[in-house]
Each structure stands twice: as structure tokens, then as C-alpha cells.
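The whole structure should be built from the sequences, with the hints applied where relevant.
Protein chains in written order, with my numbering: chain A, 1 to 414; chain B, 1001 to 1301.
Don't read these hints as lab results, they were simulated from the structure.
Since this is a predicted model, take the numbers as computed values, not measurements.
A few of these clues could be false.
[Unchecked claim] Listed below are the simulated DSS-like cross-link pairs for lysine-lysine, each with C-alpha atoms no more than 25 Å apart in a straight line:
1) B:Lys-1175 with A:Lys-342
2) A:Lys-324 with B:Lys-1174
3) A:Lys-325 with B:Lys-1174
4) B:Lys-1269 with A:Lys-80
5) B:Lys-1161 with A:Lys-324
6) A:Lys-342 with A:Lys-364
7) A:Lys-377 with B:Lys-1174
8) B:Lys-1202 with A:Lys-80
9) A:Lys-324 with B:Lys-1175
10) B:Lys-1048 with A:Lys-233
11) A:Lys-267 with B:Lys-1048
12) A:Lys-325 with B:Lys-1175
13) A:Lys-346 with B:Lys-1174
14) A:Lys-342 with A:Lys-324
[To be verified] Part of the chain B face toward chain A, derived, beta carbon under 8 Å:
15) Leu-1006
16) Arg-1021
17) Lys-1145
18) Arg-1164
[As the list claims (entries may be wrong)] If you want the ones that stay clear, here's a sample from chain A, every Cβ over 10 Å from chain B, calculated:
19) Leu-47
20) Ile-210
21) Gly-211
22) Thr-260
Where a beta carbon is used, it is the ideal one built from N, C-alpha and C, also for glycine.
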Amino acid sequence: MELLRFTTAGSVDDGKSTLIGRLLYDTKQLFDDTIETVERISKQKGLSHLDLALITDGLKAEREQGITIDVAYRYFNTPKRKFIIADTPGHVQYTRNMVTGASTANLALVLIDARNGVVEQTKRHSFIASLLHIPHLVLCINKMDLVNYSEDIFNRIVEEYETFAAKFEIVDIHFIPISARNGDNIVDRSANMPWYKGPTLMYLLENIHIGSDQNLTDCRFPVQYIVRPHSEKEHDFRGYAGRIRGGVFRTGDRVIILPTEFFTTIKEINWSGTTVKEAFPPMSVTMQLGDDIDISRGDMIVRENNVPKISQEIDAMICWLNPKKLLVNGRYIIRHTTREAKCFLKEIVYKIDINTLHRNTDDKEIAMNDIARIRLKSAIPLFYDPYRRNRITGSFILVDEFTNETVGAGMINQ
Amino acid sequence: MSSYQLSYLEELESESIFVLREVASQFERPMLLFSGGKDSTVLAWMSKKAFAPAPIPYPLVHIDTGHNFPEAIEFRDNLIRLLGVRLIVGSVQESIDTGRVVEEKGPYASRNVLQTVTLLDTIEKHKFDACIGGARRDEEKARAKERFFSHRDGFGQWDPKNQRPELWNIFNGKKAQGEHFRVFPLSNWTEMDVWNYILHEKIELPSLYFSHYRKCFYRDGTLLAWSEFMTLKEGEKPEMMRVRCRTVGDMTCTGVTISNATALEDVIKEIALSRTTERGTRFDDKRSDTAMEDRKKEGYF
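Okay, here's the thing in C-alpha cells:
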């Protein structure tokens, strides 16, 4: 059984909560006590049907305001896959939450209200999915029941979407006409839309190919922790623990250590309590090397003929996460893989209007939820790949030196 | 292996081990909160894997309400020996004796809530800067928004509206003096994932999780294990029944299920078929609709 992580973006009224409730309900993930609560509250609200949106009801503050203010994680599984949903609020003031949810997703579900078609929100959500390089995008044209299950309307929305999505780098796009409220094309094929020949949403989620979402080409192993038992029995043991972030490492491979550029070989790889011959992402392993070399947390083990970029200068897109504005010449702490350094912000190149995608080079005030292109310089070299090539070695966060808060999320351009 | 795709359990384990190693790297005085339940037991064994062949680089901390199932204490002490790890006990009885907390009275009295004070005192006494816990996001709606690295202020409080964004796999454990973190490596696991992992890894659990005979009684529709620490209401009569515990906590608030399951496989089968949530048998959550959210803000586990 595989694991698929997906994110959902939508606004208050497009039925996102209902869709998630429907997925949990139809896959029988809900327990009797949860269903009873939903039934009771639905009745209290005077509804004739189950208000499936209540299933994903969150914190007290959210219920008071009737909105989702934070990323909520939901879990369900079918015999084929386990799913993790990062359920994010879709309003512009919550861009940072959408970015957070998107950062770990293999797939994004974007909802479109069939009555309204492609709106600004759809464009924004698609832009974020493309910016965060989510490999698969599924457009759910929802509320088809309210437009008489019209094939024409569906086709028009698909066409409109494809025209503007041509600007994005999204490899894999799917369109599904659904009604989350009535369950059309969610788990079961809709009898109301015989004209639709594609897969149901559940079929797609269960079968979409995610095997090639990881980078298996460029070997990257950021050293996370040094295992040294200091015991009689294991006196000379020196293990380098961490998570494989790219490529396939094999015992006997000749590797190079960054930043010292020493060469050595992989003597043994230990994973989950056993010795393995090869290791690939996202395994957490402990490696032993052929030579005694001084290696510490933040170093990176790579293959000699395929090294990442090594530089102190970073050109990146950033999503700002904090009410305190981004400062040119501001000093921050950058955390990239297992490496940490001081850095300063050299330049704001442009800000992106996330509704029009216009690059604004005049207004460079970067406030919370803004997305901008920046250049920064770190105090020590970082070992990185473009974000498009590797979502882990190409991403970083900025931390405020004084408040310790996570203030920015960065994606390296080249 | 040839397809270079991990199974979901392997991927979850790799994620959790990454988090455990991140704790050992980023903090000076971490610890693992150990309750004797299945989740913290899984974390203890996973910690062993994460740092092998070196010993686990943090102690296990048990916040002891004094109302424990004897089986849980026996299990705890045995596990400590097996893992070769240090145990630190924070005593709620001591907090009561020194007047730090006042014991609740009446039939619904429980020391569960009092644990928060003992926990925070223990953190301060030992200057712990990170507490690893077994909580999962699928347990409860307030937990669904919890981070892997959850920041606590100088008062140990959680501010759900002002959490640090957590992106990719980059965890920010930076903090000011006196603050600490709660870390939840099992965030992405569900109850069934944990059970399947226990089966797969052949992890030993306290006997309480398996069918046994014990005195029980019904209160407000929930079957509770009887103990001498509880005040019975009129009409409540403990009777000997064959049951198992679904969660293992304080004796005054842990519900039980009628069961004949003595093998792990049978317990898992029953859980897969059961129609109430895991915490549905926990009395501490029934106090109000937002019981968990309120307790978490105060600094609860």
C-alpha cells in the first residue's frame, strides 16, 4: 500500500469541506459517534440532508467565524492507498497556509464552482500549485447538479482553464465534473453525467502514478545526525544518519563529501533495523563510510560525478509568512536541508500579483502572504538544486533572528 | 524494492525517525513522554532504531498520576531495562502533597487534568527543552492542526491561532530561554497505522490491551474499569467482565471494551470493525466539546 499526500484549496462556498466530508463518508472512514454528531447538528440547523462539511469542523475559533484558518490534516485509506489530506483555506489572506499545505503534496485538488467557472481564486490556487511544483493537479468542477449536469458548461470551463494554464508548468492536469453534495463521480460513476467518460475522483486518487514524483537521478544525502555509540563493543562505529533526498545510493558507491570535497566509499547502509544494498528517497538511513573523515550535521554526501550547486548566492521565489514585512538588507537565519546559516537579503527583484500573475518591479513591499523573487547571500555556502529538480534540496525557510518565528518559505530558481 | 517505492508504513516510519533525529540534533535536553500506552511504546522502539547502535540519547519521562494499572507499571519498568534507557517519574501525588494542585472530588474526579501542572513542573525541574509525545492528528479535532514541532511559551501554553508554519520537512526548533517544544513524530499516523506497525514490528504491549477479566461498570453509556480510586454513583455496580482497554491512561478515566481477543491479530480485527472513535471511550474528552483544545492550550500533552 502506497502513501499519497494531497492538498485541497477552495474558498468558503465552493464545497471543499463537503467534498472532503464526502470522501471520508463514502470510504467509510467515519465512526458512529462522528456521524451521530453530524446528524444531530444537521438537524439542529434544519437541514434535510447530512451537512458533510461539519465532519471537518475544526477549532473553536474557526467554528465561531465559520471559516478554516489553518491547515488541517485528515487521513483516510482504501485497500489501495493511504491518503493524507492537507486541507487549506483558500482565501487570499491565507496564501501562506495554502503554500504550507502544498509543500508536501504529490497532488492538488482545486475546486471550481460550475456556476461561476474559472475565477481569480482558481488562478491563484493553480499558480501556487505550479509554484510549489506539485506533480499532479486535479480540477474538480463541483456543483454540477446546480447546472443540470451540463456537458457544455463543463467543456467551456475546461477550455477556459486550459487557455490560461498554458502559462504554468504543470505536467499532469485532470478535469472531473462532480457534485460533492450528491456524490456524483466521487466514488461511484454518476448516472447523471453519462457523457463523462473519464475516471471518478476516487479512481484517480487511487491509481495516479506517483512512483516517479521523487528524484531518483541526483544522489543527495544531507547529514542529519552523527551516530557514535562510544561503547566498548562499538568503539569505532561512526554512522551518518539522515534522509535520502535524491537518487539511489548503493553499497560500494564512490561518494564525495561537501563541503570538504573528500572522496570515500559507502561501506554499509542501515535502514529500519536491517542492512540494505541500496537506499532511495524518502528513506531514513544510517551510512558507514570507508574512511574516517570529519563530517558533521549540515554536510552533504553526493556522487562524485553529480554534485549540486555550491554557492552563497541564492536566487529564489519566496512566500512571506509573517506580519512583519520582509526587509531589504534584513538579516535572517536560513534553514536549508540540515544546514543552517545567517543570511542577508540583498534584493527584492519583483513582487508577483497572485491574481493577475503580473510581475511588479515598482512595488517591492513584501507583506504577509505576498510572493516575490529575491536574492540573498548566506554566510556559508549552501548545497542546492533548483526547486523544479528537487523539492527538498531546492527549498528553504527563513527564520527571524529575534522572534525565532518561521517568516519565509523559499524555492530556489537555479 | 526494485520499483523504488516505499510502502506507506515504511514511509511513515522514515518520516518519524527523521523527526526523532531532528529532535536529538536541535535540542540540548530532549525527553520522551512515556505513558505506557501503545503510541509512546512505539516511539520508544522507534527511538532505538533511529540511533542504533548507540543508546537512545534522551530519557523517558512518565507523569505518574498514582492511579495506574499495575500492569502498566510492570510493563514500563521492563521496557526501560530492555531499551537501556533512563526513566524519570513526575508524580502527581507529590504535586497534590506540596499543594501545587488540588484534587478533584465526586464521582467524576480524575487526576488527568492535574497532570498538566506536574508535567510543566517536571519540564522546569529538569530544564527539558523538547518533549516528544505520541499524539496523532487523527485522534481529535484540536490535534488535527498540531505541528510536528509545536512551540510552547514560558508558561507551557499552546497558541493554536499563532502556530509556526511548517513547510516541506524543515523543522524550526528555535526558541527563547524558558520556552520549550512539544514534538509529535506520529502526527501523520492513524490508529490503524500504529496497530499495523505494532503487528509488523512484533512490538510487545501491556497485557491491558488484550482480553482479560476485570471489574467494570457502565457510566453514561461508557464501560469503565472499576478501581478503588473511583467514587461510584447510585446504581453503579461493578461486575466482573471479559474486556480489553483501547487506550491506556489514568485508571479513573479509561474506558474498556468487551472482548475475547487475546492475540494481537484479533485485537486489530476488532478495532478495524469497531464503530466508535478511539477517544470515544475516554472520559476526559467527554467533559465538553472543546475539552482537548482547552487542555492543550494550558499545556497538556
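- Message: Are any of the numbered hints broken by this structure? If so, which, sorted upward?
- Response: Violated: hints 20 and 21.
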